[in-house]
Amino acid sequence: MLYFTRWRALGIILTALIVCLCAVPNFFPEAQVKTWPAWAQRRLVLGLDLQGGSYLLLEVDSNYVKKEKLDQIRDDVRRVLREAKIGYTGLSSKGDAVEVRVKDTDLQNALAKLRDLSQPLGGLLGSNGQRSLEVSDAGGGLIRLTVPQAAITERVRQTIEQSIQIVERRVNQLGTVEPVIQRQGTDRILVQVPGLQDPTRLKELLGKTAKMEFRMVDASVPPDQAQKGSLPPESELLMSASSPKVPYVVKKQVLVSGGDLTDAQPGFDQRTGEPIVSFKFNTSGARKFAQATQENVGLPFAIVLDNEVISAPVIREPITGGQGQISGSFTVQSANDLAILLRAGALPAPLTVIEERTVGPGLGQDSIEKGELAAYVGSIMVIVFMLLTYRLFGVFANIAVAINVAMIFGLLSLLNATLTLPGIAGIVLTVGIAVDSNVLIYERIREELRGGRNAISAIDAGFKRALATILDSNITTFIAAAVLFYIGTGPVRGFAVTLGIGIITTVFTAFTLTRLIVAWWVRWKRPQSVPI
Amino acid sequence: MTHTVLIGLGVLIAILTVVAALGLLPSLRIVPDNTHFDFTRFRRISFPISAALSIVAITLFFTHGLNFGIDFRGGTLLEVQAKSGTADIAAMRTSLDALGLGEVQLQQFGGPENVLIRVAEQPGGDAAQQEAVQKVRGALGDTVEYRRVEVVGPRVSGELLAYGMIGLMLAIVAILIYLWFRFEWQFALGAMIANVHDIVLTIGFMSISQVDFDLTSIAALLTILGYSLNDTVVIYDRIREMLRRYKKMPMPQLLNESINSTLSRSIITHFTVTLALLALLLFGGHAIHSFTAVMMFGVVLVGTYTSIFIAAPILIYLGVGEHREDAVETATPAKKNRP
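From first to last, the protein sequence lines stand for chains V and Z.
Going by full-length UniProt numbering, the first sequence wraps up at 532, each residue one higher than the last.
Going by full-length UniProt numbering, the second sequence wraps up at 339, each residue one higher than the last.
The hints are simulated quantities; they were obtained by calculation from the structure and are not laboratory data.
Here the structure is a predicted model, which means the values were calculated and not measured.
Just to be clear, a hint being listed does not mean it is correct.
Here are the simulated DMTMM-like pairs of lysine to aspartate or glutamate, each with C-alpha atoms no more than 25 Å apart in a straight line [unchecked claim]:
#1 83/Z / 198/V
#2 113/V / 161/V
#3 66/V / 159/Z
#4 251/V / 154/V
#5 94/V / 154/V
#6 247/Z / 472/V
#7 208/V / 131/Z
#8 203/V / 131/Z
#9 211/V / 131/Z
#10 464/V / 257/Z
#11 135/Z / 274/V
#12 83/Z / 366/V
#13 464/V / 184/Z
#14 203/V / 159/Z
#15 245/V / 131/Z
#16 203/V / 178/V
#17 83/Z / 369/V
#18 370/V / 145/Z
#19 464/V / 159/Z
#20 464/V / 131/Z
#21 85/V / 71/V
#22 370/V / 113/Z
#23 203/V / 142/Z
#24 67/V / 306/V
#25 135/Z / 178/V
#26 203/V / 145/Z
Here are the computed distance ranges between Cβ atoms for each label pair [as the list claims (entries may be wrong)]:
#27 243/V / 97/Z: 20 to 30 Å
#28 41/Z / 402/V: 42 to 52 Å
#29 110/Z / 34/V: 30 to 40 Å
#30 511/V / 131/Z: 54 to 64 Å
#31 183/V / 41/Z: 28 to 38 Å
In this text, a Cβ means the ideal position worked out from N, Cα and C, and glycines have one as well.
Could you put the whole structure together from the sequences, leaning on the hints where they help?
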């Protein structure tokens with residue numbers, strides 16, 4: 001137990017040294033570390049509870065996704081049956097399915113045509129026999145098209161994929177440092193923005209789908225009459241975005257959509273000085289817009305955002321340049337936000353904030369100071385206690401604990417782990433626990449000495465017997481830490497990380513460093529008695 | 001100020017280290033060598049006491065319940081600090097009650113300038129919670145600094161609770177399997193009974209003290225689980241070793257020997273953990289106050305007691321070591337006492 005080959009001793013020291021050195025970048029300013037080679041840049045990340053910032057958990061509305069999917073299937077059915085010149089009645093979506101009734105003579109033909117709509121899920125590759133749509137004959141000429149749960153899940157997954165990119169673009173517009181945007185589970189997005197004190201604006205930016213459409217105003221019916229019910233089938237009633245709410249009758253047909261925009265910038269109207277948003281279309285958008293404005297000179301069109309009319313200007317002349325501007329009672333802020341939303345693109349489905357946690361910078365700073373103080377006081381008390389109890393061996397234990405803590409920081413930096421306030425508590429607790437391995441060894445040595453062994457043999461037996469116990473007893477705590485890591489989020493997960501890493505380093509130091517230090521002492525001193 | 005104190009303490013440590021290294025310090029023995037307490041006999045008292053306490057804890061859990069924090073109950077929590085230096089709670093209460101958000105609790109927190117505001121979960125799903133926090137921000141305006149704002153929607157709170165409970169069960173099962181693998185099943189079962197006992201008592205403590213029961217409490221419970229077991233495993237390891245060595249020693253005596261020979265370690269380790277937790281409790285700030293308080297109770301008070309007075313003696317009832325003589329005929333004669 002007390003014999004180390006030279007290479008083994010060197011290996012242990014090098015390992016400890018390298019792990020400790022990984023903590024070095026934390027002691028230099030971030031800007032300076034950025035200039036170092038990439039492998040040297042890994043450092044601890046402060047959790048939002050320490051540095052302040054906002055955590056938002058967003059969920060995509062899966063009912064909306066499902067409804068969109070069914071609407072799309074309904075439109076597809078209408079198109080397919082029309083193209084095939086098959087007469088139909090009662091086309092509607094009911095629950096999870098779309099139903100349509102055809103004449104008995106057309107049934108087989110219609111079924112065959114509609115089955116073409118169904119595709120294998122997950123593309124041609126990786127298909128597991130699941131299809132995007134199940135077309136069945138419900139009897140009496142009724143055809144039922146159901147969307148299997150797997151197809152809806154797949155659709156939600158795609159929606160989340162697209163949404164993440166758009167959320168990312170929108171969050172980046174806030175100009176904050178290193179926001180984190182991740183998918184969570186199947187239908188959620190996690191957004192972490194360090195340093196953000198008031199997430200109100202962020203929530204506003206993320207709360208809009210920003211579906212922008214240019215449509216014609218239906219001038220054939222006055223809005224008040226439409227409100228009473230005489231609405232043409234190709235039009236719908238929309239309210240204005242500004243208050244007081246003003247109704248507009250707007251055609252359902254979309255001339256150009258926000259997807260055709262290439263750029264949007266906030267600015268000021270040269271004549272009135274009002275805040276405006278100017279935009280640019282891509283080639284196909286510009287062509288569509290030019291054609292539409294040419295055909296409708298003198299008529300009003302509506303700029304619709306998320307089913308609200310932002311403004312409804314009259315087309316004075318054809319707009320062929322593919323550029324335009326939106327004015328409509330904006331403030332500087334709202335014009336800026338709209339430009340951001342238009343540049344980032346529309347979300348495929350609305351997102352809801354289901355969890356929010358924000359910590360102000362004041363509390364974060366307080367927590368750091370208090371955590372540091374507790375860490376110092378706790379360590380000092382433990383160190384002094386160990387010195388008083390075990391004297392020279394207390395010095396050995398304290399050296400091991402100091403290296404242990406340095407290694408915890410090294411490993412945390414290496415993993416780019418997040419340090420939270422409970423995480424600091426985990427480190428303090430580790431200091432209290434780490435000496436346990438030394439206590440176990442030392443008490444065992446004392447016992448062996450009482451049992452009549454000589455000094456060296458007692459030390460040897462003490463290590464041999466205690467190490468098995470150390471391993472057994474630490475694994476139980478490690479299991480608890482692993483479970484905690486798995487179920488926990490944010491600060492709690494930070495605790496699990498430091499606790500788990502603390503156990504690993506504790507076991508490492510007990511098995512190698514403490515042993516090595518004592519072995520050196522034994523070789524140097526050739527003790528006849530153990531001062532323990 | 002604190003820095004000078006810390007530097008002073010650092011110097012003290014340096015001096016102590018040199019003195020200790022030179023062997024000039026007197027030896028401090030918290031626990032005398034060779035104790036012979038009859039711990040197992042105490043089981044006739046400790047088992048009924050533990051049973052009674054567990055029943056009290058369970059009764060408390062069902063009558064008083066736990067004070068669910070917003071993680072598990074949903075709703076809104078704001079920690080605000082008055083910019084003027086002293087928070088006028090009465091005025092804040094009036095303006096917040098006028099918002100019609102149902103139950104709004106205000107509570108002084110730390111200093112006179114800090115107030116903790118809890119708004120009960122609003123009916124109407126996730127969006128309604130967001131509106132509520134907007135209203136509160138509107139009512140308090142710029143007179144306060146928002147140090148912490150947490151909004152947990154109804155679905156997330158349900159999931160977090162389920163996750164926490166599943167995690168707790170998962171940890172218990174995982175540890176049980178590990179112990180079963182490493183020891184005999186009687187040991188695993190004994191450790192499990194001791195563990196559930198710890199958790200039940202700690203839950204009783206949380207119920208009586210009404211500390212917030214949230215995700216950090218689950219973390220505290222899991223840590224208690226880990227450390228209490230850590231202690232139990234150390235004693236069990238010794239019992240196993242003694243079982244191998246002394247084939248004929250009567251079980252109660254063997255258990256007593258095992259507990260006594262690890263007693264010094266148990267007490268010293270608990271002392272160092274107590275020191276670490278004490279530092280966190282006194283200086284760690286109120287953000288982790290309930291977290292450390294719960295751990296203090298569970299690890300220090302309950303954990304030590306359990307491993308000595310429950311986990312070890314219970315092995316007698318679980319039949320550990322009953323068939324040793326049958327198994328080994330040529331057993332070495334048991335020594336009366338360890339020299």
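### Query
Are there hints from earlier that the structure breaks, and if so, what are their numbers?
Of the numbered hints, 2, 4, 11, 19, 20, 25, 31 do not hold.
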